[in-house]
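Engineer: Below, each chain spelled out in residue letters.
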Amino acid sequence: MNPVPNPASPTTHPSSNLDSLDQLEALSIHIFREAYREFKNLCMLWSIGKDSTVLLWLARKAFLGHVPFPLVHIDTSYKIPAMIQYRDQLALEWKLNMVYGQNIEALANKQTFPEGQISRLQCCGLLKTTALKKTLSGEWKRFRLDHTTQKYITDPISEPYTGVIVGARSDEEGSRSKERYFSPRDKQSDWDVGDQPPELWNQYKTDFAPGTHLRIHPLLDWTELNIWEYIHRENIPIIDLYFNKGDGKRYRSLGCYPCTTPVESTASNTAEIIEELRSGKFSNIAERSGRAQDKEDGGSLETLRREGYM
Amino acid sequence: MATPELMEQMNIVIVGHVDHGKSTVIGRLLADTDSLPKGKLEQVKAFCAANSRPFEYAFLLDALKDEQAQGITIDSARCFFKTDKRHYIIIDAPGHIEFLKNMISGAARAEAALLVIDAHEGVRENSKRHGHLMSMLGIKQLVVLVNKMDLVGHSQERFESIKSEYSEFLTQVGVQPLGFIPISALEGHNIANLAQSMPWYQGATVLQQLDNFKKQAAKVEKPFRMPVQDIYKFTAQGDDRRLVVGTIDTGCIEVGTPVTFYPSHKKSIIKSIENFPEKPINQAFAGQASSFTLKDQIYIRPGEIMVKDTDPPPLCTQRFRANLFWMSKNPMVTGKNYKIKLGSRQSPVVLVKIFSILDSSTLGRETHKQQIGRHDVAEVLLETSKPLAFDLATEFENTGRFVLVDQYEISGGGIVLEALSDSETTLSDHIKVRESGWVHSKITAAQRTSHYHHKAKFVLLSGQNNQQSLAFAQSLEHKLFHDKYPVYFLGLSQMVEGVSADLNSSSFRLEDQLRRLGELARILTDAGLIFIATVPELDQYDVKVLQMLNAPHEISLIHIGDTAPDDYKPDLQIPDAFTAEQSTERIYKFLKEKEIILEYFL
Chain A
235 MNPVPNPASP
245 TTHPSSNLDS
255 LDQLEALSIH
265 IFREAYREFK
275 NLCMLWSIGK
285 DSTVLLWLAR
295 KAFLGHVPFP
305 LVHIDTSYKI
315 PAMIQYRDQL
325 ALEWKLNMVY
335 GQNIEALANK
345 QTFPEGQISR
355 LQCCGLLKTT
365 ALKKTLSGEW
375 KRFRLDHTTQ
385 KYITDPISEP
395 YTGVIVGARS
405 DEEGSRSKER
415 YFSPRDKQSD
425 WDVGDQPPEL
435 WNQYKTDFAP
445 GTHLRIHPLL
455 DWTELNIWEY
465 IHRENIPIID
475 LYFNKGDGKR
485 YRSLGCYPCT
495 TPVESTASNT
505 AEIIEELRSG
515 KFSNIAERSG
525 RAQDKEDGGS
535 LETLRREGYM
Chain B
102 MATPELMEQM
112 NIVIVGHVDH
122 GKSTVIGRLL
132 ADTDSLPKGK
142 LEQVKAFCAA
152 NSRPFEYAFL
162 LDALKDEQAQ
172 GITIDSARCF
182 FKTDKRHYII
192 IDAPGHIEFL
202 KNMISGAARA
212 EAALLVIDAH
222 EGVRENSKRH
232 GHLMSMLGIK
242 QLVVLVNKMD
252 LVGHSQERFE
262 SIKSEYSEFL
272 TQVGVQPLGF
282 IPISALEGHN
292 IANLAQSMPW
302 YQGATVLQQL
312 DNFKKQAAKV
322 EKPFRMPVQD
332 IYKFTAQGDD
342 RRLVVGTIDT
352 GCIEVGTPVT
362 FYPSHKKSII
372 KSIENFPEKP
382 INQAFAGQAS
392 SFTLKDQIYI
402 RPGEIMVKDT
412 DPPPLCTQRF
422 RANLFWMSKN
432 PMVTGKNYKI
442 KLGSRQSPVV
452 LVKIFSILDS
462 STLGRETHKQ
472 QIGRHDVAEV
482 LLETSKPLAF
492 DLATEFENTG
502 RFVLVDQYEI
512 SGGGIVLEAL
522 SDSETTLSDH
532 IKVRESGWVH
542 SKITAAQRTS
552 HYHHKAKFVL
562 LSGQNNQQSL
572 AFAQSLEHKL
582 FHDKYPVYFL
592 GLSQMVEGVS
602 ADLNSSSFRL
612 EDQLRRLGEL
622 ARILTDAGLI
632 FIATVPELDQ
642 YDVKVLQMLN
652 APHEISLIHI
662 GDTAPDDYKP
672 DLQIPDAFTA
682 EQSTERIYKF
692 LKEKEIILEY
702 FL
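Protein chains in written order, with the working numbering: chain A, 235 to 544; chain B, 102 to 703.
These aren't lab readings, by the way, just hints derived from the structure by calculation. As the structure is a computational prediction, the values presented were derived from the model and not from experiment. Please note that a few of the clues may not be correct.
Stated by the list, open to error - Coverage of chain A stretches by chain B, computed from C-beta distances (three or more under 8 angstroms per stretch; other residues unrestricted): (1) 387 to 394; (2) 431 to 437; (3) 479 to 486.
Unchecked claim - Partial list, computed: chain A residues near chain B (C-beta under 8 angstroms): (4) D253; (5) R271; (6) G299; (7) P304; (8) H381; (9) P492.
Glycine is no exception: its CB is placed at the ideal position from the N, C-alpha and C atoms.
Model the full assembly from the supplied sequences, consistent with the hints where possible.
Structural biologist: Written out as structure tokens, the structure is:
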């Protein structure tokens, strides 16, 4: 949790001028509300990282303290253990409808990169992309948090989720910079980059032929810096792996531990991270530089993304 | 440690004809402001080296494989960079005509535009089309960059001639550019610094110009407008608040303010302005995604516009004149049903008339075209099936513009120019034609009345519980039949599966079904029957449509439920608790009182 006490944010705005964070927040909430009005089988992906946690915070604002759809986490079993702990703690505290899915078969057969069988990219493909597709479609078992026993049980509901809210940001890398707020995928999760629907003003594509499903991106216009400024302002309880705890290292981006390395940094609270991004050592270094799977092939994240990676 | 002050943020779009150098301009801006993430530049350079091609700034943006292969921008991509003054999101819009809808998507979220013209090639078709669309998209700040000055020997004469030609065009479409800048993006001239190569130009560099763009202030001073996005009640989560939510377009509002919702004209008072995780607040204003509770629990639906009683109301008509651009391969045709999305309202709409179509490259106006083709800009007359609440685009940006959906796709966008009178609608035109062609029977209505011992009547039952209405209607039919009155009850499923079977089920709409019901009622009442039908719920416009279609005969409106419909008055109301027998008895008594069934017959 955020170890730094935050100056209390004011409950009323001192003036009627919205600053850049207010504007980003309002647009994200607007998108959430459009999605909730128009689509029945919605879910939201929560990777436990800073972006999707900000997304979760915005959802609670949009629906005045409620999150009226399930949160889905894909557990590769290689997540840093603190991430799972933090996930369940927050899910109980905020009364979230928490669901996770997993590639049980690949894990049982040891078809993973850490166990030496396949490459990093193939591992992402199996443990993340395939697991995600099959969990969303309901073909594979889903596990739902039972708030009374505080344990996960097999989810009796296996209806496919057709609208998936995702925390992708367009400044992350090239392919994400071309996304729509409401982005249709066909049944195979394929993304046709060349032929996307137009989005005019605040009108989004909300009419779909049966069989299409869609990704909704409320955070598209946010930058990494905006995310941290907002976490700081709102005092969002972010997982503490992002902060240096004395060893001069912290995570800038969270993933599976075999493929994610911490960066050298002494930033131990949100304000120091903001400083680092604005003018300090990270002002010109790409966020995903600590993610090994991006570097294996020239097409990098785009290849993963076309095949359904979030 | 306090957070340093937030920097201002602004969305800029860069448009122009294909190959005029938009991506190169952005690549330069990123490089010259030292805004490139180290990882990115190296990644692109390595990619170029690995694929044996010279590095170009444009590659930084055209990050997708497809685009690098074709060398053109397919979709609008966003780039981020900053000056000392603010953060920018630059939207690189494709210049190829094939990707016009992507260009429009990019431009529609911008606050200012840079339009690039190749000095060597000069003003081309898309230079004009894009310039014209900028005004329709509501972008008021536009600067023209005359690029590739190196190819014309940095000639002032060439620059001035393009400037004068293009200025003239912009004036015709009502756009006032803030300025023209001669640049060479390839050499980096006049981007961040004034170049020696063009000593005759002493105006702003591109960077200075960006910082000169003005941030649009939230329109707090204007009359209040908020399209209602949704109504929430999270009862299952133990929350009893009934929340009216939406993003405020203009104005501000306080707790206690009387408000009216359009087009329903329902009224209430703001009870509270809810907030999370903070406590409720006293005031909300333009730009905020807000949540309200109301003092009176009125029944309103998403799509209405919330307005302060003291502010000028929006316009409410079925017909209006608009300017629109069309993006779909399938042309827009008259008479076909489309969907309009305006504010948060979605409604069926038809194209009644094309006044003119503007060819954006020649600026010629064609008035004889029968349909609106892809990439056309047209002035049209549109009609919705019920009155729509809207404003003129010149007065309110958001409630004055709309998109049109054909099947599942957003295919057009436009702005409202004028509200038109509803005295003539496609429905009234249709009824005029129908009645003038009606072949009247030799048997008069009076003859039928005396023969059947009752007047012809359309008895319409409605209520929220459709099963209940259905049971009451059938019980009534049974009783009347038993008493030897010619009567017929029609269930909605016969309508949907029979009369309307030719309608595409994906475009099923209550409006279409009501219209068919009205036509049937006209025929069956003409036959002298008592015609009974049920519909789930009605509003005043549905009632009006049915009355118009059923004329010259009349409708008896029977409402089932304890709460009266709030925007029309039924002829008879039946309490929820009534049994079918009680209801039938009550309706029977009503029909006698109104002398629809004639007492002496019994």
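Engineer: Do the numbers back the hint for G299/A, that is, is its least Cβ distance to chain B under 8 angstroms?
Structural biologist: holds (5 angstroms)
Engineer: Mind checking the CB of D253/A against every CB in chain B and telling me if the closest is under 8 angstroms?
Structural biologist: holds (5 angstroms)
Engineer: Can you tell me if the region 387 to 394 of chain A counts as covered by chain B, using C-beta to C-beta distances under 8 angstroms and a minimum of three residues?
Structural biologist: The restraint on the region 387 to 394 of chain A is violated, since only 0 of its residues have a Cβ under 8 angstroms from chain B and three are required.
Engineer: Hint check: is the beta carbon of H381/A less than 8 angstroms from a beta carbon of chain B?
Structural biologist: This interface hint is violated because 12 angstroms lies over the 8 angstroms limit.
Engineer: Three residues minimum, CB to CB under 8 angstroms: does the region 431 to 437 of chain A make the cut for coverage by chain B? Let me know.
Structural biologist: That given contact holds, which follows from 7 residues of the region 431 to 437 of chain A lying within Cβ reach (below 8 angstroms) of chain B.
Engineer: Quick one, is the P492/A hint okay against chain B at 8 angstroms, beta carbons?
Structural biologist: At about 21 angstroms, which exceeds the 8 angstroms cut-off, the nearest Cβ of chain B leaves the hint on P492/A violated.
Engineer: Would you say the region 479 to 486 of chain A counts as covered by chain B, given the rule of at least 3 residues with C-beta under 8 angstroms?
Structural biologist: violated (count 0)
Engineer: Less than 8 angstroms between beta-carbons is the criterion; does R271/A satisfy it with respect to chain B?
Structural biologist: holds (5 angstroms)
Engineer: Against chain B, with CB atoms and a cut of 8 angstroms, does the hint on P304/A hold up?
Structural biologist: P304/A check fails; min Cβ-Cβ to chain B is 14 angstroms, beyond 8 angstroms.
Comparing the model with each earlier hint shows violations of hints 1, 3, 7, 8 and 9; every other hint is respected.
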